[in-house]
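*Asks:* Chains A and B, in that order, are what the protein sequence lines are.
Under the working numbering, the first residue of the first sequence is numbered 1, with each subsequent residue one higher.
Under the working numbering, the first residue of the second sequence is numbered 1, with each subsequent residue one higher.
Hint data in this document are derived by calculation from the structure and do not stem from the laboratory.
Quick caveat, the model's predicted, so the values are computed rather than measured.
Be aware that one or more of the hints could be misleading.
To be verified - Simulated pairs of lysine to any residue, SDA-like, Cα-Cα distance not exceeding 20 Å:
1) A:LYS90 to A:THR189
2) B:LYS270 to A:ASP277
3) B:LYS270 to A:LEU211
4) B:LYS270 to A:ARG214
5) B:LYS270 to A:ASP201
6) B:LYS270 to A:SER231
7) B:LYS18 to A:GLU169
8) A:LYS90 to A:ARG107
9) B:LYS270 to A:ILE275
10) B:LYS270 to A:GLY157
11) A:LYS218 to B:LEU269
12) A:LYS90 to A:PRO188
13) B:LYS78 to B:LEU58
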Amino acid sequence: MPDTARAQLTRAWTATEPLLAVHDLKMWFPITSGIMQRTVAHVHAVDGVDLEIMKGETLGLVGESGCGKSTLGRTVMRLYDPTAGTIRFKGEDITNLRGEALRSKRREMAMIFQDPYASLDPRQTVGDIVGEPIDIHGLAKGKERQDRIYDLLNVVGMNPQFADRYPHEFSGGQRQRIGIARALAVEPTFIVCDEPISALDVSIQAQIINLLERLQSKFDLTYLFIAHDLSVVKHISNRIAVMYLGKIMETAPGQQLYRRPRHPYTGSLLSAIPIPDPLIERARERVILQGDVASPVNPPSGCRFRTRCPRARPHCAEEEPPLESFGSQHLAACFYPLD
Amino acid sequence: MPETLLEVEDLHTVFATKDGNVKAVDGVSFHLDAGETLGIVGESGCGKSVTALSVMRLQRPGKIVSGKVMFKGRDLTKISEGEMRDVRGQEIAMIFQDPMTSLNPVFRTGWQVGEPLRLHRGVDSVRALAGAVTMLGRVGIPSPAERAKNYPHQFSGGMRQRAMIAMGLTTTPQVLIADEPTTALDVTIQAQILDVLRSVNREFGTATILITHNLGVVAGMCERTMVMYAGKVVESGPTADVFAHPKHPYTWSLLRSIPRLDAERHEPLKPIEGLPPNLIELPKGCAFHPRCPFKIERCSRDTPVLNRIGETQMAACWVTQAGTELKERA
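The shape of chain B in the complex, shown without the other chains (with noise of 0.2 Å):
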């Protein structure tokens, strides 16, 4: 059994807007293994990111109502802010969607890369910033003790992206958050630069949570994959399995939704019906039953909560775990 280094519990995130709360995050439980990578899949607005500030406490102005974020026997939601930030420095890291204005413009990349080490290790400028060298040299950056001198903006989207990486990295944090790092970048440069987590998580056994819209890279990336809809997981499991045989109707649709460039024949795609859900006034029952080809009468009445079906896989479906199975309707 490999040790579970992050386990979150029931998480509530609240945001108050003039038009009502709206329940970004709605009892979310997960964890994560020493070691794995675990995708986290999902349209805008479903709670993905979300997630993932709670986890930092970072989701400002929203506001965590209730549950627990458990890291290494304490409970990251009530610590102090001085310990969080020891938290964020050096034991959980994250990289975020836009490389561009991620790093500080008016410092040198090497200083900042090496931030981390001063402010958290208190390792002085000289070492801190070789340190930030060999970081920069093992995300892939050429010459990096040249590279280190320049400002963020004398770089590219990808190499902004690895500079993130590399300042995430100084301190060998156990665990690494990737909130859709590759979606401002080309495919080309989004290639790179999963590779470059890929080599992360085998070096250093960074455990990966890896955010993202796109299911092919989780399908390429990740052990482990939840989905989620409307602020809540409605299918976890591990990633062959959830794409083999999903165990949600959300999941089963969206796969079919996406045109595949392995198609081998033309054929219509299936689009999802409707619209995601307006999170203010949510549907009553399960929040994707108005889109859902296996609707049955129960779905607008209750909510479904996150079950085991089968072996591996857990699914928020009061169909599937009625034991029916998700299949094309003739």
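Isolated chain A, as found in the complex (with noise of 0.2 Å):
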């Protein structure tokens, strides 16, 4: 990000510190090969992304698959080492925490994942996988363990006898819940949600939708909400990253995006969205972009978009356009962009 955008995000945000500031961050997996495992190549998961949460807000984080958008979140949350850059959490530099300092700064954070049949335990009851938060962190023994065991179950609108049950017995949505339950058995003050809805079916989606939003003003929650679908994404966010080949294209309140993209990636994207309304879609004028997303392993030079970029020139390839301010919280990243 150049000095006069960031200046002028810092001025904007100066009524409190962000919750979440990831600066420059680059988490790039080794490409091994042969006996020796020497590594040939990089996946450039993350190249590069600079992004701030404030207290209380939700930042919705949209891509395409292999975009990058989970390796971020996860990177965030430092399940992984990362490769460069600087991750401040409540203005500490948490990039290279390790041991317990790392394990204590986690019981802030948590994380609700997409498959709600993967992430819990099939051996384990709910109450033990919803109480083994407390557990690590010691926060609570015996009678109020239990107590806290039955409020998280209340809390997310499942009924605490089911303590005793284990996984299978559970639809994905109630599952889902489980799931959240364990979130907040921390009492974190950041969640990661990736893809919390996309495996559940249209008709639950909606309820853990308005179940996150509830916990959120609630528990006075900041999300970085990971999704596909950016009608979800703009439905719960207050701001709205759109990534693009390990890096932020285009950053904006839900709205001014769906109204104004100045980004042709996001332009295209928000396009490819069906309506369901049958008149206003089959009215709809669509981008449809040619080709598929480029390799992570050798991104192209320049702006990564340029291959399926309607508006690319020669000087796309030369240089990398910058996140530059379109207006109060609205960045983006291009030498041509949208009227």
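From the two separate chains plus the hints, produce the assembled complex.
*Replies:* This is the structure in structure tokens:
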């Protein structure tokens, strides 16, 4: 990010410090080959990301599969050791924290996963799943622990008597509630929601979205909400960041992003999303992108989107466009932005 | 009056499980006219895919226990397996959700795309390959002659789905059944594939059955829409009417529960309470009644049948059949 845009961001947000601030974050994964497992190349999953999330805010992170959005979520949780860059949580640099220091930081952060089937241990009871974070952080014991588990199940709309049952007895939506109860067990301030509703039936998705919104206002939570479904992200988020091949292409408040996208990728992403209204849907003009996402092993030079961009010019291959300000809280990385 | 190509009458498909029989398709009737696009929507387990598989007679281990699938004067549930193979190869093509597993990894893509021509039209390999290359070009694969030499793993997800569509179209079938063709794909790739399906429908006049859980996809693609719940058709009609004034509480609730990209203000979503039904022990009466905000006493007693409501729509609902309009309760 150029200094001008950065300065503008900080100016607009001086009321409070960002809860989470990520600067030039990179997460590369090695590709190894041969019996010596020599590293021959890297997957540039997250490749220089700047982000700030304010307390109580929901930042939506959208992008197509393989764009690095989940890796970004996991890296800020410090489930990976970042390749480069810094992660600040409540002003403290947590990029290189280890051991006990990292563990105590993790009390303030939690994660909700996409797959409610794979993310719950089938051999643990619901009570033990929800109680595990309480045990790990030594938050409560005995009756107090039990009461806390019951409270948590209540809060997510589950009958506390289910504490003795096993995950396989529950449907996808109920399992996701269990996963949310587990995330809340440490009383976090910040939760990374990684595609929390994509695996659920359409009629169940709204229940979980409403639950997440209710919990946010009840416990003053801050969310990083990762999803590929822009309609859902726009509904739940204050601001949206659009990611493509490891980079943030555009950030803006949801309504602004929808009404006036400046990055051509955002524009085509928006036009690709079907709206459940036949009259509107048939009258819409579509920008259908050609081709597929380029490889994150050898990302294109300059702007990463240029290989599919309808507005690309020679300059786009030579230089990487920086994120620049397009008004309050609106940033986009494009040399030839949409009007 | 357009010609009716396919007519399904009171189809029942059952899966025997150790916990009991699952009536995956429970008395489904519908028709498909020449050249039209019909959308079948519903959540997982509602029977939409099994309906399509039963039409193709690919429902095994499920069993078609009764009903008819009339196609050009023949009942597809009655004809021999050999005849059915010819129908599948040249008259009704089907593409599936997962383009990763639908192609054989050990044969070149062009060879596979040309297979229906070789098997069903008796075309020699050289001409079948030429036909495959032409069709790959028509569905938007760049430099098709080169790409036909590639193996499926060298194709991306969107390209494989294009190849599947091309394979289905080589013999210019009259009906194309697309079962969640874009669910495994990213939105920008989904837009490409839907565009291919639209142009196929326009250029070849192929009647299409599009099965999806995505109401937005149906809104943009289909002239008529059929909504399924727990193995039954609960509503059908012209897409514009079904979306503008749904006649079944399930359709009504579903439309209001999904966030819309073009929403102007942030309002809480209105979810459908409860859970999708257990197909082994369906509730008595209407399967949706435990979740229905409009239910009346009769709904838990008698199973409603699909009946005409208004000029264009059909719904299986006691409430709307009695003339009640579905409106927000204050």
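*Asks:* Could you run down the list of hints and mark each one as holding or not?
*Replies:* Right, here's what the structure says about each hint:
Between LYS90 of chain A and THR189 of chain A the CA atoms are separated by roughly 10 Å; this keeps the pair inside 20 Å, and the hint holds. Of the pairs offered as hints, the one joining LYS270 of chain B and ASP277 of chain A holds, with about 17 Å between alpha carbons and a cut-off of 20 Å not exceeded. For the hint linking LYS270 of chain B to LEU211 of chain A, the alpha-carbon distance of about 12 Å falls within 20 Å, and the restraint holds. Distance restraint check for LYS270 of chain B and ARG214 of chain A: the Cα-Cα separation of roughly 13 Å lies within the 20 Å cut-off, and the hinted pair is therefore satisfied.
For the given pair, LYS270 of chain B sits about 15 Å from ASP201 of chain A by alpha-carbon distance, which is consistent with the 20 Å threshold. Between the alpha carbons of LYS270 of chain B and SER231 of chain A the distance comes to roughly 15 Å, so the proposed pair stays at or under 20 Å and holds. Pair hint LYS18 of chain B plus GLU169 of chain A holds up; C-alpha atoms about 17 Å apart against a cutoff of 20 Å. A hinted pair counts as satisfied when its Cα atoms are at most 20 Å apart, and LYS90 of chain A with ARG107 of chain A qualifies at roughly 13 Å.
Restraint check: the Cα-Cα separation between LYS270 of chain B and ILE275 of chain A comes to about 17 Å, which is no more than 20 Å; the hinted pair holds. With a C-alpha separation of about 16 Å, the suggested pairing of LYS270 of chain B with GLY157 of chain A holds against the 20 Å cut-off. Using a Cα cut-off of 20 Å, the hinted pair LYS218 of chain A and LEU269 of chain B holds, with the two alpha carbons roughly 18 Å apart. Taken as a hint, the LYS90 of chain A and PRO188 of chain A pair is honoured in the structure, with Cα atoms around 13 Å apart against an allowance of 20 Å.
About 14 Å separates the Cα atoms of LYS78 of chain B and LEU58 of chain B, which keeps this hinted pair within 20 Å; it holds.
Checked against the numbered hints above, the structure violates none of them.
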